[in-house]
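Student: Given next are the chains, with one letter for each unit.
Protein chains: 2
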Amino acid sequence: MRLSRYFLPTLKETPAEAQIVSHRLMLRAGLIRQEAAGIYAWLPIGFRVLKKIEQIVREEMNRAGAIEILMPTLQPSELWKETGRYDAYGPEMLRITDRHEREPLYGPTNEDMVTEIFRAYVRSYRALPLNLYHIQWKFRDEIRPRFGVMRGREFLMKDAYSFDLDKEGARRSYNKMYVAYLRAFQRMGLTTIPMRAETGPIGGDLSHEFIVLADTGESQVFCHKDLLDMPVPEETVDFDSDLEAFVQQRTRLYAATSDVHDAARFESEVPEDKRVTARGIEVGQIFYFGTKYSVPMKAVVAGPDGKEVPIEGGSYGIGVSRLVGAIIEASHDEAGIIWPSPVAPFDLSLINLKKGDAKTDAACEGLYAKLTAARKDVLYDDTDDRPGAKFATHDLIGNPWQVIVGPRGLEKGTVEAKNRATGAREELSLEAALNRFA
Amino acid sequence: MRLSRYFLPTLKETPAEAQIVSHRLMLRAGLIRQEAAGIYAWLPIGFRVLKKIEQIVREEMNRAGAIEILMPTLQPSELWKETGRYDAYGPEMLRITDRHEREPLYGPTNEDMVTEIFRAYVRSYRALPLNLYHIQWKFRDEIRPRFGVMRGREFLMKDAYSFDLDKEGARRSYNKMYVAYLRAFQRMGLTTIPMRAETGPIGGDLSHEFIVLADTGESQVFCHKDLLDMPVPEETVDFDSDLEAFVQQRTRLYAATSDVHDAARFESEVPEDKRVTARGIEVGQIFYFGTKYSVPMKAVVAGPDGKEVPIEGGSYGIGVSRLVGAIIEASHDEAGIIWPSPVAPFDLSLINLKKGDAKTDAACEGLYAKLTAARKDVLYDDTDDRPGAKFATHDLIGNPWQVIVGPRGLEKGTVEAKNRATGAREELSLEAALNRFA
Chain P
1 MRLSRYFLPT LKETPAEAQI VSHRLMLRAG LIRQEAAGIY AWLPIGFRVL
51 KKIEQIVREE MNRAGAIEIL MPTLQPSELW KETGRYDAYG PEMLRITDRH
101 EREPLYGPTN EDMVTEIFRA YVRSYRALPL NLYHIQWKFR DEIRPRFGVM
151 RGREFLMKDA YSFDLDKEGA RRSYNKMYVA YLRAFQRMGL TTIPMRAETG
201 PIGGDLSHEF IVLADTGESQ VFCHKDLLDM PVPEETVDFD SDLEAFVQQR
251 TRLYAATSDV HDAARFESEV PEDKRVTARG IEVGQIFYFG TKYSVPMKAV
301 VAGPDGKEVP IEGGSYGIGV SRLVGAIIEA SHDEAGIIWP SPVAPFDLSL
351 INLKKGDAKT DAACEGLYAK LTAARKDVLY DDTDDRPGAK FATHDLIGNP
401 WQVIVGPRGL EKGTVEAKNR ATGAREELSL EAALNRFA
Chain D
1 MRLSRYFLPT LKETPAEAQI VSHRLMLRAG LIRQEAAGIY AWLPIGFRVL
51 KKIEQIVREE MNRAGAIEIL MPTLQPSELW KETGRYDAYG PEMLRITDRH
101 EREPLYGPTN EDMVTEIFRA YVRSYRALPL NLYHIQWKFR DEIRPRFGVM
151 RGREFLMKDA YSFDLDKEGA RRSYNKMYVA YLRAFQRMGL TTIPMRAETG
201 PIGGDLSHEF IVLADTGESQ VFCHKDLLDM PVPEETVDFD SDLEAFVQQR
251 TRLYAATSDV HDAARFESEV PEDKRVTARG IEVGQIFYFG TKYSVPMKAV
301 VAGPDGKEVP IEGGSYGIGV SRLVGAIIEA SHDEAGIIWP SPVAPFDLSL
351 INLKKGDAKT DAACEGLYAK LTAARKDVLY DDTDDRPGAK FATHDLIGNP
401 WQVIVGPRGL EKGTVEAKNR ATGAREELSL EAALNRFA
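So the protein lines, in turn, are chains P and D.
Letter 351 of the first sequence, counting from 1, is numbered 351 in our numbering, and no numbers are missing.
Letter 183 of the second sequence, counting from 1, is numbered 183 in our numbering, and no numbers are missing.
For the record, the hints were derived by calculation from the structure and aren't laboratory data.
Even glycine gets a Cβ: it sits at the ideal position worked out from N, Cα and C.
One should not assume that every hint holds.
30 Å max Cα-Cα, derived DSSO-like pairs, lysine-lysine [claimed, not checked]:
1. D:307 to P:354
2. D:376 to D:167
3. D:354 to D:307
4. D:307 to P:12
5. D:376 to P:376
6. P:12 to P:298
7. D:51 to P:51
8. P:370 to P:412
Residues on chain P that point at chain D, a partial pick, calculated with CB under 10 Å [stated by the list, open to error]:
9. 42
10. 74
11. 89
12. 91
13. 102
14. 104
15. 106
16. 116
17. 126
18. 137
19. 428
20. 430
21. 434
22. 436
Let's have the full structure, built from the sequences with the hints guiding it.
Tutor: Take a look at the structure:
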């Protein structure tokens, strides 16, 4: 993409309304624009990051055997009355009246609707296990939306729903998601720790939140230090195998958010030198809730003996739009964002230090054409801005690499490559730069 | 994908509520489920088709130089009051009251919001031309939603918005979209004819609807026969060149929907043997509306002379979810859907005629593994259903090819390949089948 033809509205001033660093950087780097309280438009580079995160989540869900569907944003209130949640949910639910005086709502989550879909079609245990997921915009009418996309009102969530014949099956489905979540977050450059959590309005008796440690995190968390370094399963992990041993290796170590923290247990179970007390950001949560929805909604299947039983369910959420903020909270410096490569808006920034200089232009055009042909996402800064302004812009938006091309280097036949994360700079021949980045 | 682990809820009965063939087939083939009047959930194969259409639209928009963003579904009413559309829009706009008594609305289109984004950041003509688009769910509270996704209330639309310094620039932007639309629809297997149209609530003085001819089309259309066979620009078309000559070659031939049809002109301009009167389905519409939004919203840029001028605008919509229905209307038979390859849920159905027969299973598993490794989307029917039921299912869901594997063929070392569109069957060796489809 040529920057001269792109839409990258960066801001020089720090927006006064933004209280946390990710919100400030998302506004300054032109990732988002607020359209109403807690409602954002995603500008071009913000959109690119959002899509890359979404795609990683999708790939890991598919790998774990979940099947993608897409439920609508608006839901009929009748479904929520069947489960009793319409009254229970409270003022965070956006309730609407349409022209025919029906009362749809903007879905904050989809347990009720997906259970309706399931019961409409599935009759036999032979269709199980089944895990249906979607990636769709949700709405929660937060009383004080703040922290940008970290606590917005309209937000993008991946939510998956598992259906099993019995508790043992539900446990296996839960474990698949537990592993898929660790993998998805790791691919985004995040170390997450699953922590026992309260089940809240989803209900049920087992839940883990996936927490990213960050100094600016919203909540206090407590865990065993060994959880920070435990390896995450490889791409080749067999999701049909029993993952219980893997999951137990983690769940037997103490990890809890302040909501459920038990100081006495923490001190008795975790040796003093292994006690981690830190700030964390929740980026996903998984629930086993059994028959909470299948009983009131009569989502039953015939078992092997022909008898009908209500299915055992779980639900599994990832805050896709929230992750954009969470990754920035975990990865930035004074100059701006430092994107992990898999979620960066572009693989690299190609910076032309002297637009209009024939030799510099030619070198840049050559690199741009070849890198693009190699299917690299390149943001080519072909604007007339001064070098200092260009450096500031590209540090701010945080692509992992900057390839800097100017007349002085070209006299020696070299360009400069700068690693955004480390700040390390290296002189390379044009050919070496191509080999490195193509 | 193994069908035994998939979620493909086909129906035997024809749903009584569906009045048109695409709606019937989408329900029967398990593409969608109605959740409320005009509001649908997309089931797995429907979702796959929707995503393929979306991706074709995205690629052609990007090729034409448009830049993708993502605006929220809910919009503040203040923006619509600035342009006077809040009162003008009528009861199709879904107006909401949130917990703070603010009045957001569920966006039916985004001219107002994108103009707000533009004016917030762009000050100079040097940033032009600019075309911003998004692919997002919209809502129109149709009084009588019907025909399935063809006239739903919640629907997926691609909408693009161009910003230019002057009318000449706006015309060039309009032409780019005109060409991009022809290309996108052709890639989906559709022949579309751009027809002069009324501008309706978007406003402006130039508009074309893109119409697919189909016997079951919703509206009467009239055009010159030569428009049916005109070639569409190749992938290599230069969107920076002046496309006016190409566009005029089409626009000088008569083509109009019944809304603006002029029978006298039709008869005087079109020779009798070239007059086509047919039914059509609108799948996209483009508008040039000049300063209709930029004047009230003060979206101005400094021109080369330093004077501020309101930008000249256009907007460009494609009904992404509607296209799923339109393609089916244009391509089906008694047995079911006939997908054009680029939008088919899977490239082929692999049908195991005798699950449990060791040799048949082995041949299927081998084909499935190799085709999947070649990155083909294969739906492998490994269920216990009888052959007749399998044939009916795969004809109904309409993947372009069926590769049919059974013990009798395997004794001779062959499998059968059936072309869904023509019904032609061919016996092939396993190796030839691999070469054909991998």
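Student: State for each hint whether it applies.
Tutor: Tested hints:
1. The hinted pair formed by residue 307 of chain D and residue 354 of chain P meets the criterion: a straight-line CA distance of about 29 Å does not exceed 30 Å.
2. Distance check on the hinted pair: residue 376 of chain D and residue 167 of chain D sit about 46 Å apart at the alpha-carbon level, beyond 30 Å; violated.
3. For the hint linking residue 354 of chain D to residue 307 of chain D, the alpha-carbon distance of about 77 Å lies beyond 30 Å, and the restraint is violated.
4. Annotation: proposed proximity of residue 307 of chain D to residue 12 of chain P holds, straight-line Cα distance about 25 Å (limit 30 Å).
5. Between residue 376 of chain D and residue 376 of chain P the CA atoms are separated by roughly 24 Å; this keeps the pair inside 30 Å, and the hint holds.
6. Pair hint residue 12 of chain P plus residue 298 of chain P does not hold up; C-alpha atoms about 57 Å apart against a cutoff of 30 Å.
7. Our distance criterion of 30 Å between C-alpha atoms is met by residue 51 of chain D and residue 51 of chain P, whose separation comes to about 13 Å.
8. Restraint check for residue 370 of chain P and residue 412 of chain P: satisfied, since their Cα atoms lie roughly 21 Å apart, inside the 30 Å limit.
9. At a threshold of 10 Å, the smallest CB-CB gap from residue 42 of chain P to chain D is about 4 Å, leaving the interface hint in force.
10. With a cut of 10 Å, the hint placing residue 74 of chain P at the interface with chain D holds, because the nearest CB-to-CB distance is about 6 Å.
11. Hint status for residue 89 of chain P: violated, given a least beta-carbon distance of 12 Å to chain D, over 10 Å.
12. Taking 10 Å as the C-beta cut-off, the interface hint given for residue 91 of chain P holds, the closest approach to chain D being about 5 Å.
13. With 10 Å as the threshold, the beta carbon of residue 102 of chain P comes within range of chain D, its nearest partner Cβ sitting at about 7 Å, so the hint holds.
14. Here the hint on residue 104 of chain P is kept, as its CB sits about 6 Å from the closest CB of chain D, short of 10 Å.
15. The criterion of a C-beta within 10 Å of any C-beta in chain D is met by residue 106 of chain P, whose closest approach is roughly 8 Å, and the hint holds.
16. For the restraint placing residue 116 of chain P at the interface with chain D, the shortest Cβ-Cβ distance is roughly 8 Å, inside the 10 Å limit, so the hint holds.
17. Interface restraint check: residue 126 of chain P against chain D, minimum CB-CB distance 9 Å, threshold 10 Å, status holds.
18. The closest approach between the C-beta of residue 137 of chain P and any C-beta of chain D is roughly 6 Å, which is under the 10 Å cut-off, so the hint is satisfied.
19. Given the 10 Å rule on beta carbons, the hint for residue 428 of chain P is violated: about 30 Å separates it from the nearest Cβ of chain D.
20. Given the 10 Å rule on beta carbons, the hint for residue 430 of chain P is violated: about 27 Å separates it from the nearest Cβ of chain D.
21. Interface hint status for residue 434 of chain P: violated, as the beta-carbon distance to the closest one in chain D is roughly 24 Å, over 10 Å.
22. With a least beta-carbon distance of about 27 Å to chain D, the hint placing residue 436 of chain P at the interface is violated under the 10 Å criterion.
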